Amino acid sequence: MSEEVYNRILGCMVGNAIGDAFGAVVEFCFADRVEKLAGKQWVDQFLPFPDDFGTHPVGVWQAAPPRGTGTDDTRNNHIFAECVVRNGGKINSQRLAMEYVERYRDRAVFYPNYDELAEQHMRHMYERSCAYLGMRELPSGRPAWVVSSQGNSFPTLWGLISLAFAGLLYRGEPEKAYVKAFELSFVDLGYARDATAMMAAMVSAALGGDVSGKEMVKLALEIDPFDFRRRIMVDELRKFLQLADEADSDHALVDAIAKEVTHRHAFDPIDVLGQPAAAVYYCDGDPVRSIVMATNDRDLDESGGLKQLRDVDCTAGVAGALTGALHGAQAFPEDWVADVLKANQEVYGIDIEGNARRFYEAVYGAS
Amino acid sequence: MSEELYSRILGCMVGNALGDAFGGVVEGASAEMVAAIAGGDWVGEFLPYPDDASPHPLGIWESSPPRGTGTDDTRYNQIFAECVIRNRGAINSQLLAMEYIGRYRNCAALYPKHVKLAEEQFLDRWYEWCCAHLGMDPPSGRPPWVALSQGVYGLPGIQGLISLAFAGLLYENEPEKAYVTAFELDFRGVGYSRDATAMMAAMVSAALGGTISAKEMVRIGLETDPFDLGKRKYDRRVMSSEVSDLLAVAEQAGDDRALVEALSRRLCHRHFYDPVDVLGFPMVALHFSDGDPVRTIVMSVNDRALDDNGRFIALRDVDCTGSVAGALVGALKGVQAFPKDWVDDVISANRQVYGIDIEANARRFYEVVYGAK
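Residue numbers (the numbering used here), protein chains in the order written: chain D, 4 to 370; chain C, 5 to 377.
Isolated chain D, as found in the complex (with noise of 0.2 Å):
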């Protein structure tokens, strides 16, 4: 086993469930709540959940849970690591979608604490899965094609959040990462299916080591294997990047993509890998700067001030993959890593360094 493989991957395991959880705490909330759990309006410590926090069919499936228990990005991510450990390694689109039919009829087995919750989160994939599977029977009665053609409605984060680890399938390589999440990404539409690729792009680079920060975010901006003329992901981040390249320090940096960002949906990849990518991109890859700085994405009141934070368990989960993958596990303070290990595997059974192992084992275990 290459040690420096094997750590990268689960630095971006880690990395991942360390930002989901980070930004869980405060996601979506108003300026005076983040005061009230931050005592300030930016969020620079790795928070508890607080007694009133509840649960939610994509949110925590426990009501005030340990610190480091992840959301549906964490669940997502590890639906897809077990995925390509039954497989053996081999993961296309379908075996995805077979995974997540089975997650969706197997729930009292999979999630036996969770079986409401766990139909309401995945009540939506198991519709998408079956109408990609090509069922013609459908839960809700809707034609497969017009299933298949909606996805989210618009261009979403569900690659970003689902597909993390994807770039891990191939060391080094980012083209055929890239080619392969864009794949794996059926349930998205547009530049999200370019998003969740680019994201791979970027998570294979690190793996192959020898990239800085900066120089793995750049390599995003140049992956086009399939020639696309004109890229929106790319125009989009460039302009974030030429932001980070202007900004005099990480609250100005944030500050800045602020403004691009407030009139898109939260759920805009533009927002969810671009403002994270800037991020890693603006401090070289430092990974708790990175997840704090995509912890405090946000909208701005009119005096240019906090206003509420955005979907930031995401934009951070993103930049915990990345930059786990960048440095790897030791990179992250000790106390988060134990404390992100211990929740997810007490809350939802997730055994994020049995997933890390058996996933080296079935990807690069023969090389």
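Since the hints were derived computationally from the structure, they do not count as laboratory data.
Fair warning: there could be bad hints in the mix.
To be verified - Per the computed footprint, the stretches of chain C lying under chain D, defined by three or more beta-carbons under 8 Å from a beta-carbon of chain D, are:
1) 162–171
2) 187–195
3) 222–233
Treat the numbers as computed from the prediction; the structure is a model and nothing was measured.
Ideal Cβ positions, reconstructed from N, Cα and C, are used throughout, including at glycine.
Mind docking chain C on chain D? Use the hints.
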């Protein structure tokens, strides 16, 4: 032949071309250009093309063509009409894809005066989409599933709104059927753009039946939902919720200009190919003016980009908003609702420049779809 029904079909086609040509003169024009062309910051007249108007694959195909000449909106929509005629009223997305491939392959015969421009118009994604939709390997070498997943530039775009404006004419007062057919025909659209195309078809179909007001027509557009897209728990139906919000904005507006300003403030951050703008803006204008044909087109053609201080920077994709507006009000009121000289110019210009016979297409379309009734 039902003269009333024919008039609405012709009205939809003429109104579409009229709105296209009305906006085609100033689409994307900066505030300075608008001042030079229209004499102010508001386009209230059906203007001729200026002397320096030049050809573009997606715009006009002749320099400074006569007033009334359409752009790609008119050409695409008439391709649809001619495809319906060629197939004797039977139409589906595969027949339409075949039509586009045939158009591209036979550019020299079909567009003898504009071969190069026609090639570029069709080569720009349409040929690729059609090949992919029919299961062929696209000319770019991209896998078909990649081509079909992307739409235009990866966005829910306006391909359907500018090429399937007449889909609702297939069903007289059967908005649900029109919705389903248009949704299927819009094989190039992704996400909520297919919903937008289908909503437009539902409205046109309802208008074709007569007896409804403009406000009722808009309500039908918002409420027709045969696929229950509005019942999904976590995925709201973008088009209906956004257009409903825009209608709420309209309730506060004192006059047409105030409405345009208010809508523009809400929409100018969206991409100018966003269906929320290109269908939503004309729908609200139609609602606000209660179906006044000229006011609906004029408001839609004044859809504008504003700077952070609310100052007028440029007009948006207003040949498209104008053409959608024209198709909607034309189907609602019939061709006689438009000023006669506008209608004459549109029919004459598009015949002269492109060889498109709008009147004949409307008549033949009527005959193949409704002739047996």
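Results of checking the hints against the structure:
1. 162–171: As far as the region 162–171 of chain C goes, the hint is violated, because 0 residues have Cβ atoms under 8 Å from chain D.
2. 187–195: holds (count 5)
3. 222–233: holds (count 3)
When the structure is compared with the earlier hints, a violation turns up for hint 1 alone.
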